[in-house]
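Participant: Residue numbers (UniProt numbering), protein chains in the order written: chain W, 1 to 200; chain U, 1 to 200.
Just so you know, these hints were derived from the structure itself, not from any lab. Mixed in with the good hints there might be a few duds.
Calculated pairs, SDA-like style, for lysine to any residue (alpha carbon to alpha carbon, straight line, at most 20 angstroms) [to be verified]:
#1 W:K43 to U:V17
#2 U:K42 to W:N50
#3 W:K16 to U:V17
#4 W:K24 to W:N50
#5 U:K43 to W:Q9
#6 U:K43 to U:R59
#7 U:K43 to U:Q57
#8 W:K42 to U:Q57
#9 U:K42 to W:G180
#10 U:K42 to W:D13
#11 U:K16 to U:K42
#12 U:K43 to W:E140
#13 U:K24 to U:N46
#14 U:K42 to U:Q57
#15 U:K42 to U:D76
#16 U:K16 to U:N46
Some but not every residue of chain U turned toward chain W, in silico, with C-beta under 7 angstroms [as the list claims (entries may be wrong)]:
#17 L11
#18 P23
#19 K24
#20 R36
#21 R38
#22 G41
#23 L44
#24 H54
#25 L69
#26 Q166
#27 V167
Where is the CB? At the ideal position from N, CA and C, for every residue including glycine.
Protein chains: 2
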Amino acid sequence: MPASSPLLQQLIDALKVLPGVGPKTAQRMAFQLLERNREAGKKLGNALLNAMEHIGQCRCCRTFTEAELCAICSDDVRSQSPLLCVVGSSADLQAIEQTGQFDGRYFVLMGQLSPLDGIGPAELGLNVLEQQLAQGGIAELILATNPTVEGDATAYYIAELCHRHQVTVSRLAQGVPVGGELEYLDGSTLSHAFSGRKSF
Amino acid sequence: MPASSPLLQQLIDALKVLPGVGPKTAQRMAFQLLERNREAGKKLGNALLNAMEHIGQCRCCRTFTEAELCAICSDDVRSQSPLLCVVGSSADLQAIEQTGQFDGRYFVLMGQLSPLDGIGPAELGLNVLEQQLAQGGIAELILATNPTVEGDATAYYIAELCHRHQVTVSRLAQGVPVGGELEYLDGSTLSHAFSGRKSF
Chain W
1 MPASSPLLQQ LIDALKVLPG VGPKTAQRMA FQLLERNREA GKKLGNALLN AMEHIGQCRC
61 CRTFTEAELC AICSDDVRSQ SPLLCVVGSS ADLQAIEQTG QFDGRYFVLM GQLSPLDGIG
121 PAELGLNVLE QQLAQGGIAE LILATNPTVE GDATAYYIAE LCHRHQVTVS RLAQGVPVGG
181 ELEYLDGSTL SHAFSGRKSF
Chain U
1 MPASSPLLQQ LIDALKVLPG VGPKTAQRMA FQLLERNREA GKKLGNALLN AMEHIGQCRC
61 CRTFTEAELC AICSDDVRSQ SPLLCVVGSS ADLQAIEQTG QFDGRYFVLM GQLSPLDGIG
121 PAELGLNVLE QQLAQGGIAE LILATNPTVE GDATAYYIAE LCHRHQVTVS RLAQGVPVGG
181 ELEYLDGSTL SHAFSGRKSF
């Protein structure tokens, strides 16, 4: 059953592209904006058009930015850091930045190796990463890919590149998450936690 | 912690106006559109701008439409129906249309009486409704306002208008919802169901 107005129906259909938004939620969003907040709706429309049109990737680290270089790569101190952290996506970069723990630079793969989906080293910009490794200035490369099969494959591939260029490579610790309960942890996380135990 | 790019941060902030969308969900939506579906993101942006700019209210029933008269009010058969259903919002109209049970016309209040919030009869277009009652052609007015305190107050007010113009007025049945479990129903719904019981 379509909505009474074609424009309203177009809006409801368009809202369904958002992750986690089905027909009912899309309808509720459309009505809420129309009834209470048309200005915010217009602002969202303009923000979407601007972002989709103008946001590209940083020339150096490949994260999303509308400039040629992102804020981190154009920072005089951070862009000279000897630490390079390789992450799978801009969202992962964002999550690490939010911890405030890391003050080096990043390289964003925008995906992970997945030959069956046609995602090889070139799609992840690994040639660009190799150039950066060859140029020197990187003392340690920290692998922060997802702890999944594809993430691990990607990590091994990048570790190979590092060995070729004599760059130290490390990986995020695997173990029990803070606040987790041992009882509910999967066996593979638990065995990683055992083999990686530290003196206390 | 702001996102690395101002445009991205604007998009994330703008997405938070959607109902049920917090900072984390907004970030996920923004990254998903940027990474996978920029065309759909642009389409959503345009749909929002078009809808916010061009959707107004039907001159006759006050529902959302970009035309002067909505699809129902410009339908030769339905607009002449002797049944008029009064609903609180366009979403309620939509829900009733989806049942396919009602083939009369509607009047959409776009709210309910709430004097403390400055919403009186004029804000709900009740003067327009009274004109329609005075013009004749309505045999029965069906009250489909929400079964809440404000909805009930609105219903009583409209019933008064109907009595003044000798129009029959009815109200949606109150009782147990289909698929509900008696054990978990509130007492007031149960007592409505008892007092409105039907021979079987």
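Participant: Taking the hints in turn, state whether each one holds.
Facilitator: Tested hints:
1. W:K43 to U:V17: holds (10 angstroms)
2. U:K42 to W:N50: At roughly 9 angstroms apart (the allowed maximum being 20 angstroms), N50 (chain W) and K42 (chain U) satisfy the hint.
3. W:K16 to U:V17: Cα-Cα ~16 angstroms, so holds.
4. W:K24 to W:N50: violated (27 angstroms)
5. U:K43 to W:Q9: This hinted pair holds, its Cα atoms lying about 13 angstroms apart.
6. U:K43 to U:R59: violated (29 angstroms)
7. U:K43 to U:Q57: violated (24 angstroms)
8. W:K42 to U:Q57: It holds: about 18 angstroms lies between the C-alpha atoms, which stays within 20 angstroms.
9. U:K42 to W:G180: violated (40 angstroms)
10. U:K42 to W:D13: Holds. K42 (chain U) to D13 (chain W) sits at ~13 angstroms (cutoff 20 angstroms).
11. U:K16 to U:K42: Holds, at roughly 18 angstroms.
12. U:K43 to W:E140: violated (43 angstroms)
13. U:K24 to U:N46: At roughly 24 angstroms apart (the allowed maximum being 20 angstroms), N46 (chain U) and K24 (chain U) break the hint.
14. U:K42 to U:Q57: Answer violated: K42 (chain U) to Q57 (chain U) is near 26 angstroms, above 20 angstroms.
15. U:K42 to U:D76: Violated, at about 37 angstroms.
16. U:K16 to U:N46: Holds, at roughly 18 angstroms.
17. L11: holds (4 angstroms)
18. P23: Not OK, violated: P23 (chain U) not within 7 angstroms of chain W, min 11 angstroms.
19. K24: violated (10 angstroms)
20. R36: violated (9 angstroms)
21. R38: holds (5 angstroms)
22. G41: holds (4 angstroms)
23. L44: holds (4 angstroms)
24. H54: holds (6 angstroms)
25. L69: violated (11 angstroms)
26. Q166: For Q166 (chain U), the interface hint is violated, since the closest Cβ of chain W sits about 30 angstroms away, which is over 7 angstroms.
27. V167: At about 25 angstroms, which exceeds the 7 angstroms cut-off, the nearest Cβ of chain W leaves the hint on V167 (chain U) violated.
Checked against the numbered hints above, the structure breaks hints 4, 6, 7, 9, 12, 13, 14, 15, 18, 19, 20, 25, 26, 27 and satisfies the rest.
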